[in-house]
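With the hints as extra help, turn the sequences into a complete structure.
Keeping their order, the protein sequence lines are chains A and B. Those letters in the first sequence? Residues 22 to 221, by the working numbering. Those letters in the second sequence? Residues 482 to 681, by the working numbering.
Don't read these hints as lab results, they were simulated from the structure. Some clues are possibly wrong.
[Claimed, not checked] Covered stretches of chain A, going by a simulated chain B footprint (3 or more residues, C-beta under 8 Å): (1) 36-44; (2) 68-79; (3) 121-128; (4) 208-221.
Built from N, CA and C at the ideal position, the CB exists for glycine as well.
Okay, here's what each chain looks like letter by letter:
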Amino acid sequence: MTDPNRHSPVEDAQGIAFGVTMAAFGMHILTHMGFVTGQTTGIAVLLAYVTGLPFPAVYFAVTLPFLGLAWRRLGARFALKTLVTTAALSLLVALLPAWVDLGRIEPAFAAILFGLLFGIAALAAIRHGGSFGGLSILWIELQDRTGFRAGSAQLLSDVAIFGLAAFIVPLDTLAYSFLGAAVFSLFLAINHRRDRYVAV
Amino acid sequence: MTDPARHTLIEDAQGIAYGATMAAFGIVILTHLGLVTGQTAGLAILISYTTGWGFGPVFFAINLPFYVLGYLRMGWQFTLKTFVAVALLSALSLWLPGQISFATLNPWVGAVLFGFLSGSALLALFRHGASLGGIGILALMLQDRLGWRAGWVQLGFDAVLFAVAFAVIDTRLVIISASGALVVNLVIAINHRRDRYVAT
Chain A
22 MTDPNRHSPV EDAQGIAFGV TMAAFGMHIL THMGFVTGQT TGIAVLLAYV TGLPFPAVYF
82 AVTLPFLGLA WRRLGARFAL KTLVTTAALS LLVALLPAWV DLGRIEPAFA AILFGLLFGI
142 AALAAIRHGG SFGGLSILWI ELQDRTGFRA GSAQLLSDVA IFGLAAFIVP LDTLAYSFLG
202 AAVFSLFLAI NHRRDRYVAV
Chain B
482 MTDPARHTLI EDAQGIAYGA TMAAFGIVIL THLGLVTGQT AGLAILISYT TGWGFGPVFF
542 AINLPFYVLG YLRMGWQFTL KTFVAVALLS ALSLWLPGQI SFATLNPWVG AVLFGFLSGS
602 ALLALFRHGA SLGGIGILAL MLQDRLGWRA GWVQLGFDAV LFAVAFAVID TRLVIISASG
662 ALVVNLVIAI NHRRDRYVAT
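As structure tokens, then:
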């Protein structure tokens, strides 16, 4: 058995590979249904819907500016890891439709499935020191500079993204999207506990 | 925050709901592709393929005798949680095919998705004091009584299942199934660590 308190590189690699695969599957379902969501993925998905550009490319482009910020704040190693993770995620989201061609999905089930897939993906990535990049680093920077709470900034930005989405997607789609985002947030809120999963 | 060392009833309920839902989704993918797997679920799938009966009822019925063993070996809480998980998985496996459909699904990609989905499902169930019943409990019991190593008993059981599978499904599908079962077992072997996830 490896050290209980430290993940080995192989353990981190399998955790992040798991996270990337589940997140890619979640994004595939999200875009298949035309749903929206919060945070970086939410901005990318709205931009993709409005411009008609492919979602994986937009997602990758949106995460790039935050890499510089990640580098300054959290070091070159973290920035490089984030770049590899977001690149792999974008690539997998681009490839998945050729392998997994989704048919009809009941929207409520799609929303719950998206929430669970994104939730478990985020949990695995966080526990293994990975990151899907983007906005949250900006909010931590903002908190350090101005004292404005990162959690509040995150919530406000999601309200803004869902507000914008109301002009772009039908109301029932917005409601299902909200259900998915709620499942995701609840899942993370209950299960992300550093006092229970003690390895880093 | 709740007690780090003990899950509350609601925390266990959401963990078991996650496990049963993801395991059921994994079974939908597996049966859509005509693949098999190991352990109790594998036995239920083989019976389901040969008789034409649905996976859900067969899986539920096979597990019934093992609850007595579960009660004797692991106590009533584990047995009750396992019963709930098995019942939920059986019911969901009947309901889910109407909720989601695949136009095309690459069998290799499907096997990996199945592996990740059921691996994380089992991990969640174990961490919340439940299981998906059956053979695992019997193996533990045999280890107590006869000194046979539980790991070897389970491996032997899977070897017999996969040998029988050659007579039931195409050889190519047996090989793809084996890769899916390998992913499940790797996820469990690497990540099921009571010294890292410390809550019970």
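State whether the coverage of the segment 68-79 of chain A by chain B holds or is violated, taking the criterion as 3 or more residues with Cβ-Cβ distances under 8 Å.
-> Violated - the segment 68-79 of chain A has 0 residues with a Cβ nearer than 8 Å to chain B, which falls short of three.
Claimed coverage, the segment 121-128 of chain A by chain B - three or more beta carbons nearer than 8 Å | holds (count 7)
Coverage assertion for the segment 208-221 of chain A with respect to chain B, Cβ distance below 8 Å, three residues required = holds (count 9)
Given coverage of the segment 36-44 of chain A by chain B, tested with a Cβ cutoff of 8 Å and a minimum of 3 residues = Holds, because 4 residues of the segment 36-44 of chain A bring their Cβ atoms closer than 8 Å to Cβ atoms of chain B.
Checked against the numbered hints above, the structure breaks only hint 2 and satisfies the rest.
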